[in-house]
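*Asks:* Please model the complete structure; the sequences and the hints are all you need to start from.
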Amino acid sequence: MKSRQWLSLIACGALALGTAACGSSSSSSSSSSGAGGTKSSSGGGGGGTVNGAGSTLAAPVYQTWGSNLSSQGVTLNYAAVGSGAGIQQWTSGTVDFGATDPALKPAEIAAASAKGTPVLIPTVLGGITVSYNLSTVKTGLKLDGATIANIYLGKIKTWNDPAITALNAGTKLPPTPITVVHRSDSSGTTQGFTTFLSGYSPTWKSTVGANKSVKWPTGTGAQGNPGVAGAVKQTPGSIGYVEQAYALKNGFTYADVKNKAGNFVAPTLASTSAAASGAKVSPDLAYSAIDSPNSAAYPIASQTFIVVHQDLCKAGTSQAAAKALVSFLNYGLGQGQQVAQQISYAPLPAPLLAKAKAAVSKLTCNGAPA
Amino acid sequence: MEAGVISRGGGSGIPKRSPRARLADPAFRWALTAMALGLVALIVYFFILLIVKAEPTLSHVGVLSFAFSNNWDFGGEIFKAWPLLVGTLVTSALALLIGVPIAIATALFISELCPRRMRIPLTVLVDLTAAVPSVVFGLWGFFFLAPKLQGTAQWIADRLSFIPIIGGGHAAGPSYFVAGLVLAIMILPIVSAISREVIATVPLDHKEAALALGATRWEMIRMAVLPYSRAGIAGASMLGLGRAIGEAIAVSYVIGGNATLIHHIVEQGDSLAATIARSFNEANANQRGALIACGLLLFVLTLVVNFVARYFVARSTRALRAPPAAEPVASGAV
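Listed in order, the protein sequences are those of chains A and B.
Just so you know, our numbering puts 300 at position 300 of the first sequence, and the rest follows in order with no gaps.
Count along the second sequence from 1, add 1000, and you get the number used in our numbering.
No wet-lab data here; the hints were simulated from the structure.
Check before you lean on any hint, since a few could be wrong.
Calculated cross-link-like contacts (lysine-lysine; reagent style DSSO-like; alpha-carbon spacing at most 27 Å) [stated by the list, open to error]: (1) A/K258 / A/K172; (2) A/K157 / B/K1148; (3) A/K260 / A/K157; (4) A/K260 / A/K155; (5) A/K172 / A/K215; (6) B/K1148 / A/K233; (7) A/K280 / A/K157; (8) B/K1148 / A/K138; (9) A/K157 / A/K215.
Chain A side only, calculated, beta carbon under 8 Å to chain B, not exhaustive [to be verified]: (10) T64; (11) G82; (12) A85; (13) K212; (14) K215; (15) G221; (16) G230; (17) A231; (18) Q234; (19) F252.
Note that CB positions come from ideal geometry on N, CA and C, so glycine has one too.
*Replies:* What follows is the structure, encoded as structure tokens:
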């Protein structure tokens, strides 16, 4: 009876111990020094072991890259703990790199700078598809941000609502009631989706807002991408948002969504990559791919980054691990871009890829190139 | 050497032990004491740790406000966990209401009614249910049970709409009701197994006496078995309740994750443990503090349940021991 509670309590306690240090900068020394001694020390042979944690969106990509590199003696341990937790672990020094979907916030940069200059390296792009279940309309349903927001606000209740039919001239829509499905767990996918809706609906922005978990005005909660996908699949008339890689891999139906330039774009790898070409990229490579002005871009796209320190070894990574980390990054930005497409992630567009490679080439270990 | 000791001590009739042999007993005792104290220390440590980590949230929101005010907006960082606490209590109560009668019936069938040959296979089968991982129950509940039950739940809700909370509402797939149902299945094995053991302790004399007085099987169960094992079954139910309160993963799948105070049991809700399981990964520092505070609330709730369970078990032993103990004393006085 008690074991279950104990497990959750133990998990609470352990996580709290591990991450509490990042909450206040002054108390971080004890936790980080304790963890720093153990990390990356197991790298034997010619390669090294790299520990990373963060983004669940990019986890399949990094894990595939890691397993492809294992023949070269590089061992990657990647924990998909979520972007926020990844940054915290990296800041406190328990992992060699963090992985995050949104770029670092000023406060996070300040906290991380204690161990050296943080470097942001874009890796791939993902998207969020709006999936639906209508037996009469298998593909090519057209939706825009305001309409999706009104569906998720519960204002549009049936599929033949004038707002939807106006976007889909020539398609006969049934009077089926709409069942809204949303994530019930806290997730970066929800953040991307609600950020997109906030941009098109002032009502959404003021009443629901953009966050990893929000107070949904209507709909059914389902856990994880498989949960939402499963609920959409088995409920006629339902609509849900699913991570692009998941939807493409499972041959899911999805709507074409109107982008900033006014075009209806299907969520393909090419249109998701295009989202990054139009985005404004700052000198530290921070950018947001959501609602890109590029006319060919799919609007609900998400960037994802790996964060490291400029001088890896001064930040606590061993020399062998630093070497392994750099070869991991070089692989990811080289051959890895192709590999990512095979598992339905969009590659970086060429100009941004060149900038990312340049950032990796500047990483050092104790002042010397890593 | 030992033989010498024995022969020298032979006069007293009790063989003396070597100092080393004499050491074993206290050493054993101290080792066990240390382990037991270690466990207690661990529990106390967790409790203190939870309080320390939850303190920022609790002092910001206020302890009473955190537990008993109705506004949980996790993303917006408003942490007033009353809807979650109520959700936990509602799903657990549903689990008990549905699960305990079935568990007792199962236990009665296995120990009183079923053919002797089937007894062991059935026992094993029921106990095996306890080994199914909770995530399997959760997935099964979400993908199979919830959609299948949606229509039925709506029908029942419409018929019972004159009763507040129990009836009425718009049935969602995942709901308090489905969560309660899945929890009922999950607590079945433990409640049933303990009830079975308790029922097995009913003296054969009582049962034979009832039958000899002309009671039917059912009357025998009602007059001899159930009164004797009532308190033990209550204790078993409390253990089941503990499991239902703490269950996180299965509930997080089938409850929907809508942290508003319950309106109707066929609608979506949330519970303390499910919220912790679902939100911890992506939580920031403030949110993590709030989740740990939820853990603390769960801890306290579990302690309360444990005390209630102890009370029931203690009462049962007193109730059972008292009458037979009183008789010899009375006869001795005479």
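*Asks:* Each hint: holds or not?
*Replies:* Hint-by-hint comparison with the structure:
Only pairs whose Cα atoms come within 27 Å are accepted, and A/K258 paired with A/K172 is accepted, the gap being roughly 19 Å. The hinted pair formed by A/K157 and B/K1148 meets the criterion: a straight-line CA distance of about 23 Å does not exceed 27 Å. With a C-alpha separation of about 25 Å, the suggested pair A/K260 and A/K157 falls inside the 27 Å cut-off, and the hint holds. For the proposed pair A/K260 and A/K155, the alpha carbon gap of about 23 Å is at most 27 Å, so the pair holds.
A C-alpha spacing of about 33 Å is found between A/K172 and A/K215, which places the hinted pair above 27 Å, so the restraint is violated. In summary, the hint linking B/K1148 to A/K233 is supported, as the alpha carbons are separated by about 14 Å, within the 27 Å threshold. For a cut-off of 27 Å, the pair hint linking A/K280 to A/K157 is broken: about 37 Å separates their Cα positions. Distance restraint check for B/K1148 and A/K138: the Cα-Cα separation of roughly 24 Å lies within the 27 Å cut-off, and the hinted pair is therefore satisfied.
A distance of roughly 19 Å separates the Cα atoms of A/K157 and A/K215; the hinted pair therefore holds under the 27 Å criterion. Annotation: interface hint on A/T64 violated; nearest CB of chain B at approximately 21 Å, more than 8 Å. Interface restraint check for A/G82: the shortest CB-CB distance to chain B comes to about 4 Å, inside 8 Å, so the restraint holds. Of the supplied interface hints, the one on A/A85 holds, with its beta-carbon coming within about 6 Å of a beta-carbon of chain B, less than 8 Å.
The interface hint given for A/K212 holds, since its Cβ lies 5 Å from the closest Cβ of chain B, which is under the 8 Å cut-off. Among the interface hints, the one on A/K215 holds; its C-beta lies about 5 Å from the nearest C-beta in chain B, closer than the 8 Å criterion. At a threshold of 8 Å, the smallest CB-CB gap from A/G221 to chain B is about 4 Å, leaving the interface hint in force. Contact between A/G230 and chain B, as hinted, is supported at the beta carbon level, the nearest pair being about 5 Å apart and thus within 8 Å.
For A/A231, the interface hint holds, since its Cβ comes within 8 Å of a Cβ in chain B; the closest pair sits about 7 Å apart. For A/Q234, the shortest C-beta to C-beta distance to chain B is roughly 5 Å, which falls under 8 Å, so the interface hint holds. For A/F252, the interface hint is violated, the least distance from its beta-carbon to any beta-carbon of chain B being 16 Å, above 8 Å.
When held up to the earlier numbered hints, the structure conflicts with 5, 7, 10, 19 and fits the remainder.
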